[in-house]
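A.B. asks: Mapping of the sequence shown onto numbering that gives the first Met the number 0: position 318 corresponds to residue 317, and the numbering continues sequentially without gaps.
These are calculated hints, taken from the structure and not from any lab test.
Check the hints yourself; a few may be wrong.
Result set (BS3-like, lysine-lysine): computed pairs, CA atoms no more than 27 Å apart in a straight line [unchecked claim]:
hint : residue 1 : residue 2
1    : 354       : 208
2    : 35        : 87
3    : 187       : 95
4    : 230       : 354
5    : 101       : 121
6    : 358       : 341
7    : 187       : 101
8    : 155       : 208
9    : 99        : 208
10   : 121       : 155
11   : 40        : 208
12   : 87        : 173
13   : 136       : 101
14   : 121       : 68
15   : 35        : 155
16   : 230       : 208
17   : 344       : 354
18   : 99        : 230
19   : 230       : 155
20   : 40        : 136
21   : 208       : 87
22   : 136       : 217
23   : 155       : 68
24   : 341       : 230
25   : 217       : 35
Derived CB-CB ranges, DEER-like [as the list claims (entries may be wrong)]:
hint : residue 1 : residue 2 : range
26   : 250       : 327       : 42 to 50 Å
27   : 319       : 24        : 55 to 63 Å
28   : 24        : 320       : 29 to 37 Å
29   : 250       : 94        : 24 to 32 Å
30   : 74        : 187       : 41 to 49 Å
31   : 185       : 249       : 21 to 29 Å
32   : 330       : 172       : 49 to 57 Å
33   : 99        : 242       : 45 to 53 Å
34   : 74        : 24        : 16 to 24 Å
35   : 36        : 250       : 51 to 59 Å
No residue lacks a Cβ here, since even glycine has one placed at the ideal position from N, Cα and C.
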Amino acid sequence: MATTKRARYKKKRYVLPLTLLILLIAFRLYLPTLVKNSINKALADIPGYYGQVNDVDIALYRGAYVLNKLYLNKVDAGTQVPFLNFPKTDISIEWKSIIKGKIVAEITMNSPEIIYVFEDQKTTPEGGTADVDDWTKAITEIVPLEINHFEVHNGKLAFVQLTADPNVDLAIEKLELTADNLRNVVEKERVLPSPISATGISFGGGNVKLDGNINIIKEVPDMDLAFSLQKANATALNDFTNYYAGIDFDSGTVELYSELAIADGYLKGYMKPLLIDTKLIGKEDGFLETLWEGFVGFFKFAFKNQRTDTLATEIPLEGDLNNVEAGVWPTIGGIFKNAWIKAFKGETDDKIEFKDAFKDDEDLTSKEKRAARKEERKQKREERRAEKDRDTL
Numbered sequence: 000m001a002t003t004k005r006a007r008y009k010k011k012r013y014v015l016p017l018t019l020l021i022l023l024i025a026f027r028l029y030l031p032t033l034v035k036n037s038i039n040k041a042l043a044d045i046p047g048y049y050g051q052v053n054d055v056d057i058a059l060y061r062g063a064y065v066l067n068k069l070y071l072n073k074v075d076a077g078t079q080v081p082f083l084n085f086p087k088t089d090i091s092i093e094w095k096s097i098i099k100g101k102i103v104a105e106i107t108m109n110s111p112e113i114i115y116v117f118e119d120q121k122t123t124p125e126g127g128t129a130d131v132d133d134w135t136k137a138i139t140e141i142v143p144l145e146i147n148h149f150e151v152h153n154g155k156l157a158f159v160q161l162t163a164d165p166n167v168d169l170a171i172e173k174l175e176l177t178a179d180n181l182r183n184v185v186e187k188e189r190v191l192p193s194p195i196s197a198t199g200i201s202f203g204g205g206n207v208k209l210d211g212n213i214n215i216i217k218e219v220p221d222m223d224l225a226f227s228l229q230k231a232n233a234t235a236l237n238d239f240t241n242y243y244a245g246i247d248f249d250s251g252t253v254e255l256y257s258e259l260a261i262a263d264g265y266l267k268g269y270m271k272p273l274l275i276d277t278k279l280i281g282k283e284d285g286f287l288e289t290l291w292e293g294f295v296g297f298f299k300f301a302f303k304n305q306r307t308d309t310l311a312t313e314i315p316l317e318g319d320l321n322n323v324e325a326g327v328w329p330t331i332g333g334i335f336k337n338a339w340i341k342a343f344k345g346e347t348d349d350k351i352e353f354k355d356a357f358k359d360d361e362d363l364t365s366k367e368k369r370a371a372r373k374e375e376r377k378q379k380r381e382e383r384r385a386e387k388d389r390d391t392l
């Protein structure tokens, strides 16, 4: 009798652990489906859009999950081109931040595409369009942790206008982007704590580069950015310029340089476009097109810098983000300055700093003033160090 009781006890002793193990295995097997359904629901709740994720892989050992083939498009889109197309997105815990006492996420996107089809995006669906709160809610449900590190590999950004004849299709491809410390885990005293950098290949084989620092924790993000587009073949702009200006390029190079600073929703900066060694009139142009391009070409010839064969200007930008104004007279003056006084250089001028975007220094807190001065001193030290390294070489 005692032997029978002991046998039953032994069996019962293993039933609970075995049951828990089976339940855990079942939950683990169902977990990808659970996450997938939750994400698809979040995508379905974005007003005016529809989309889904095709598959979800879970990697518990590193606290991560991978979204495979996620797309999103407008409900009433006339094309089948997804607005967002993310083949593979890896979302995981950033383990190095745990040491700092923060549980945050890092995201790595492989070959993502954002394609803005003009005709699709300008429409307003019957159910209305998504606002900031809708997008924030969807992102929060897809990524429940705050995002601290973000990477993009082999990305693509494109603007497409199908009603233009010929169609306009401008893109930046092979985009590589890195943004770090987005949730201010380290260097908490800095006004702009998050470094961001990006490179890519633009239309016409141009080289795109973006560098700077941002603070996305604020409701309206602060930033200090420098952008450059170099050595883009001007003929790649022909569909765009032909549709909007009635001209196209037969040869030449387009470049663009810009610096922008935004503080508390106020922007200060400039854009510097350059047309280098460009020719408008081609052999296949018709009479009227040749006549118009000849007229434009006359002014291009008259106002280009003859030594560098460059037509350029600098467009100052300033104002509240809801009402940014471009200085018309300084822009016109810049054309004359480039042509007859001093040619603009094909580079950013390093003349815009973050503090330039503050409307009134008296509105700054003492902490912001100290941080701005600290940032300025750090930048000057880096410039002196770089100059010393050049002299050494």
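A.B. asks: Take the hints in turn and mark each one as holding or not.
C.D. replies: Structure-based check of each hint:
Taking the CA atoms of residue 354 and residue 208, the gap is about 23 Å. The hint holds against a cut of 27 Å. A hinted pair counts as satisfied when its Cα atoms are at most 27 Å apart, and residue 35 with residue 87 qualifies at roughly 14 Å. With a CA separation close to 16 Å, the supplied pair residue 187 and residue 95 stays within the 27 Å bound. Proximity of residue 230 to residue 354 is assessed by CA-CA distance (about 31 Å); at most 27 Å being required, the pair is judged violated.
With a C-alpha separation of about 40 Å, the suggested pair residue 101 and residue 121 falls outside the 27 Å cut-off, and the hint is violated. This hinted pair does not check out: residue 358 and residue 341 have alpha carbons roughly 30 Å apart, beyond 27 Å. This hinted pair checks out: residue 187 and residue 101 have alpha carbons roughly 13 Å apart, not beyond 27 Å. Between the alpha carbons of residue 155 and residue 208 the distance comes to roughly 14 Å, so the proposed pair stays at or under 27 Å and holds.
Under the criterion of a C-alpha separation no larger than 27 Å, the hint pairing residue 99 with residue 208 is inconsistent with the structure, at around 31 Å. Of the pairs offered as hints, the one joining residue 121 and residue 155 holds, with about 21 Å between alpha carbons and a cut-off of 27 Å not exceeded. Straight-line distance between C-alpha atoms of residue 40 and residue 208 comes to about 37 Å, which puts the hinted pair past the 27 Å bound. For the hint pairing residue 87 with residue 173, the CA-to-CA distance comes to about 15 Å; that is within 27 Å, so the pair holds.
Restraint check for residue 136 and residue 101: the C-alpha separation of about 21 Å stays at or below 27 Å, so the hint holds. Distance check on the hinted pair: residue 121 and residue 68 sit about 25 Å apart at the alpha-carbon level, within 27 Å; holds. Simply put, residue 35 and residue 155 have alpha-carbon atoms about 25 Å apart, close enough for the 27 Å limit, and the pair holds. Only pairs whose Cα atoms come within 27 Å are accepted, and residue 230 paired with residue 208 is accepted, the gap being roughly 12 Å.
Between the alpha carbons of residue 344 and residue 354 the distance comes to roughly 24 Å, so the proposed pair stays at or under 27 Å and holds. A hinted pair counts as satisfied when its Cα atoms are at most 27 Å apart, and residue 99 with residue 230 does not qualify at roughly 43 Å. For the hint linking residue 230 to residue 155, the alpha-carbon distance of about 19 Å falls within 27 Å, and the restraint holds. A C-alpha spacing of about 11 Å is found between residue 40 and residue 136, which places the hinted pair at or below 27 Å, so the restraint holds.
Pair hint residue 208 plus residue 87 holds up; C-alpha atoms about 24 Å apart against a cutoff of 27 Å. In summary, the hint linking residue 136 to residue 217 is supported, as the alpha carbons are separated by about 17 Å, within the 27 Å threshold. Our distance criterion of 27 Å between C-alpha atoms is met by residue 155 and residue 68, whose separation comes to about 15 Å. Proximity of residue 341 to residue 230 is assessed by CA-CA distance (about 21 Å); at most 27 Å being required, the pair is judged to hold.
A threshold of 27 Å between alpha carbons decides the hint, and for residue 217 with residue 35 the separation of about 31 Å lies outside it, so the pair is violated. Between residue 250 and residue 327 the Cβ separation comes to about 30 Å, which falls outside the hinted range of 42 to 50 Å. For residue 319 and residue 24, the hinted distance range of 55 to 63 Å is satisfied, since their beta carbons lie about 57 Å from each other. The given range of 29 to 37 Å is broken by residue 24 and residue 320, whose C-beta atoms sit roughly 52 Å from each other.
At about 52 Å, the beta-carbon gap between residue 250 and residue 94 misses the expected band of 24 to 32 Å. Between residue 74 and residue 187 the Cβ separation comes to about 42 Å, which falls inside the hinted range of 41 to 49 Å. In this structure the hint that residue 185 and residue 249 lie 21 to 29 Å apart at CB is violated, the actual value being about 52 Å. Checked against the hint of 49 to 57 Å, the pair residue 330 and residue 172 fails, with Cβ atoms roughly 30 Å apart.
About 51 Å separates the C-beta atoms of residue 99 and residue 242, a value consistent with the hinted range of 45 to 53 Å. In this structure the hint that residue 74 and residue 24 lie 16 to 24 Å apart at CB is violated, the actual value being about 40 Å. At about 55 Å, the beta-carbon gap between residue 36 and residue 250 stays in the expected band of 51 to 59 Å.
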